[in-house]
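Chain residues, written in single-letter form:
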Amino acid sequence: MKIKTPSDLEKLRDQGQCMLSPQKPRVSVGMATCGLAAGAGAVFDALRQAADNLRLDLTLVSAGCIGCCQEEPLVDVRMPGFGRVLYARMTPEGADRLIRSLASGELPHENALAYIPEEGSDTPKSAEVLSGLVPINALPFYAKQHKVILRNSGLIDPQSIEEYAARGGYKSLLLALLQLSPHEIIDEITRSGLRGRGGGGFPTGKKWEVCSRAAGTARFIICNADEGDPGAYMDRTVLESDPYAVIEGMTIGGYAIGASQGYVYVRNEYPLAIDRINHAIERSTECGLLGEDILGTDFTFSIQVIRGAGAFVCGEETALIASLEGGLGEPRPRPPYPAVSGLWGKPTLINNVKTWASVAAIIRKGPEWYAGIGTKGNAGTAVFSLVGKVANTGLVEIPLGLTLEEMIQGIGGGGLAGKRVKAVQTGGPSGGCIPADLFHLPIDYASLTQAGSIMGSGGMVVMDEDTCMVDVARYFLRFTMEESCGKCTPCREGARYMYAILTRIIEGEATPEDLVLLEEIAMWVKEASLCGLGQTAPNPVLSTLRYFRDEYDAHVREKRCPAGVCRALIKLTINAERCTGCGLCLRECPVGAIRGKKKAPHIIDPDLCTHCRTCYDICPEKAVEIVR
Amino acid sequence: MITLTINRRPVSVPQGTLLLKAVEEAGITLPSLCHHDALAPYGACRLCMVMITAPYRALVASCTYPVEEGLVVETDAPEAVQARRLALEFLMSRCPRSDVIRKMAEKEGVTASRFGMPSTEQTDELCVLCGLCVRVCRELIGAAAIGFTGRGSERRVGAPFDFQSDACIGCGACAEVCPTGAIQMEDRGNQRILRAWNTRITLSACPECGRFFTPEPTRFLKKMLPEIETYWEVCPDCRRQKTSRQWLNAQ
Amino acid sequence: MPLIAQPDHPPAGAVLARLHQIHSAKGYLPEADIRAAADDLAIPLSRLYSAAAFYSAFSFQPKGRYTIQVCLGTACYIRGGDRLLEKIETLLGVKAGETTPDGMFTVETVHCLGSCSMSPVIRVGEETYGRLKVNLVGRLFKKYRPGEPGQKGVEEQGT
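Going line by line, the protein sequences match chains X, D and W. Its first residue numbered 1, the first sequence is counted upward by one per residue in our numbering. Its first residue numbered 1, the second sequence is counted upward by one per residue in our numbering. Its first residue numbered 1, the third sequence is counted upward by one per residue in our numbering.
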């Protein structure tokens, strides 16, 4: 069906509504990549099998990610008359029991995490039936979240354009094409205060304005989905969970600047995201929401997906464009900015996935609504992947201005059991490590930059007392060294040498002069590199030198690793009183350095031990001890 | 014309001039390896860093920075000097045998590099990855016979598959433009050897004087200039002689 | 303008798409296919070769039947991804970047699979495995090499 009029869209929306709340049970499994990694595939199969066996008529949906990845695999069950209940940490066996309960018309208690309130309805019956069940937004993980970008993630079938429409999708495009001029759209984006969510934080409206005024006829739209930061998966989740939101945003952008072709450049490591966005483009085209004469107007817009090929530097916009053009992913000096001279030298509007996903929400609810979220100069929401040594890992969307404390202690639930959180790393290889005593800082562009890190695209990796900050700095430098394109001298030669110094430090072979040299090179790479990646590459080193110099000093002067990580500076022993002689470490030691009889305490041969800590990690009795 | 201030003195240059050229205009020579007037600005070696203090304060590579009215530049700011020295130190440690880099470094006051790589990495490397060879071959000649391989510290220049390039016309522009002498072109008998590209071009013997020359570059000239066939079959020297004789006869 | 005129550029993304196509059909980039593709796309061979050699997704060497991608993203790294890699290298007797002699597995490291909440994570072929522990890896690989007696240290663990 081609959607040509508002009433056509109304019909699509009604269909979607029926799919979301059918007159039979609807069971949807979180099947984004993180869910699949937790075993959601097996849960999905078990649900289908059980339903087939019992001949239970239900709708089984593979959905995106609702955010609390810690609790994966997640199953969202909607029983007519009962509302929606979210089940956590499902197993294939649990899935079987779940279906049996549903078949007998009951909601099981087992694994129930929370209920999901539905628009315009009261406390659902499920809350009465399952005593103690709270609404999802009462969970500490969700209490302070505000979902704009992730408004549909995990709640709809990401393949279904009908369900997207049922959640208000394509209303904004309708509004934009039929009621707003391109100029008015740009004005609304400007007034909303939206800033680039890829990490740069450039005012989005201003970028659109510059691009729309740039000389030339052909223009392009690009969605930067080359999410290369290690420890971050916001963009992947949006593409896997709500691809139509990105498409709608890009289409509105195309209309606003007068472009008829858009590209989504997706990271190679995200095959599922590529499938989902491709499918969504196909469906949108079938429905006349992409292609020629969109919504009955004379506006034409198409989107093509380009699969990256494993190069972090392509996340830099000029490198991404060079890669699209078929060349090496090498950045070039700016200006000229892509908004003036981008793909094939034509004005090109390039924004991050999350920026595009915000656009439709802003147009629909108005710029004032968006500007009212967050703080002054930091309007709206941003998505973070909260991972590492934190109790609740997952994808979190917050209004900007929330403090790091509220994020890590409140939403994240603090450190892992019994461990003290030491720092949070934001912004990936371009960012820095912020120590716990600065967790009172608000999460916004200026505060994080001032603290020596950056807001970045949204990676937040929590580190605890067992994380060595020198090792972390070295980890990032190795990353930069491997991912630098190699074009300019500071990034290519400087990163390599900084890595060499950091290696000397963790091996206990560095001198105090090495630290001086390290800082000198870091400053030079920061100021003399050609592109943003090189200029920010020393941040992990500079920020750890700034806040954790004691750890550097311990490595350099005392030849000691306080966190007990650096292999050359630690020893491992087995506490004979705790060891039960189970033999697990003996079997798993990669170098055969552990000896002992069954049920008798084991010992580690110090001559063979490489201090890899495998035994320390797996010992069920925590009998392996690190001597620092 | 655009007027800017370089080291506290006004300098006027035409609009569109690159800062590197304006600095030269002011009588100051900055070290530079990757810039060539005939090629598009590139900004890779980061040797020509200068400090601008207005309209804002920043270290910039002068070879990619177009001049603007009111720009205030200090080539002798400590930060700029430091940035140039570090780049030279690193290039010295990359190419310890290069006299060109050593001399350039000496001019900037650098006599030794603190960044010696472990002895296992000591090399005869002369290439600084300025990319001039790749760019001249692609942008000016149009043969695009060579390119970069790998990335980061693995980056190198070379012919596809590091093997005899079919696209190389043996013009020698790459060797000519290489600032450090990393690319050598050698004629041996009827072979022109470009060792850096693992490429050999078979030369033709000039039917007039017997000297060897490479006929490849003239393949496309033949199409563009429909002269008599035999004109292109002789070496460039004999062509020149022939043309002068024709002119003399015509006089 | 260059002395030798160059034809028009291929469409946006065409070069990457073609390289992906060859790589997924052949498992690597054979020289002959690269040469043919450069002709088809009407771009200089040096340009296509440079692109192929730049991106880590492409290999000029044939790969094993299954590619094991060990994630070394930040979250996986600080939660033991490096030790997982060592274990895998020991188990299979190859280093990252190498292929087992029987052609079954190629071990690679990857800078983030985007499943950070499940760290540490590996991907074998198309399947992603999260919350892995070193002592579970051996069992996992048996699934891909059924019927083979466990190698040193791969015995089933009762954990």
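Derived by calculation from the structure, the hints in this document are not laboratory data. A portion of the hints provided could be inaccurate.
[Claimed, not checked] Listed next, the in silico DSS-like pairs over lysine-lysine satisfying Cα-Cα at most 27 angstroms (straight line):
1. W:K142 with X:K598
2. W:K133 with X:K622
3. W:K133 with X:K597
4. D:K107 with X:K526
5. D:K242 with D:K107
6. X:K206 with X:K147
7. W:K95 with X:K571
8. X:K419 with W:K142
9. X:K206 with X:K419
10. X:K571 with W:K133
11. X:K526 with D:K21
12. W:K63 with X:K598
[What the hints assert, rightly or not] Now the stretches of chain W that chain D is said to cover, found in silico as 3 or more residues with beta-carbon under 8 angstroms:
13. 50-58
14. 74-86
All C-beta atoms, glycine included, are put in the ideal place defined by N, C-alpha and C.
Quick one: which hint numbers does this structure break? Sort them smallest to largest.
Hints 5, 8, 9, 12 and 14 are the ones this structure does not satisfy, whereas the remaining hints hold.
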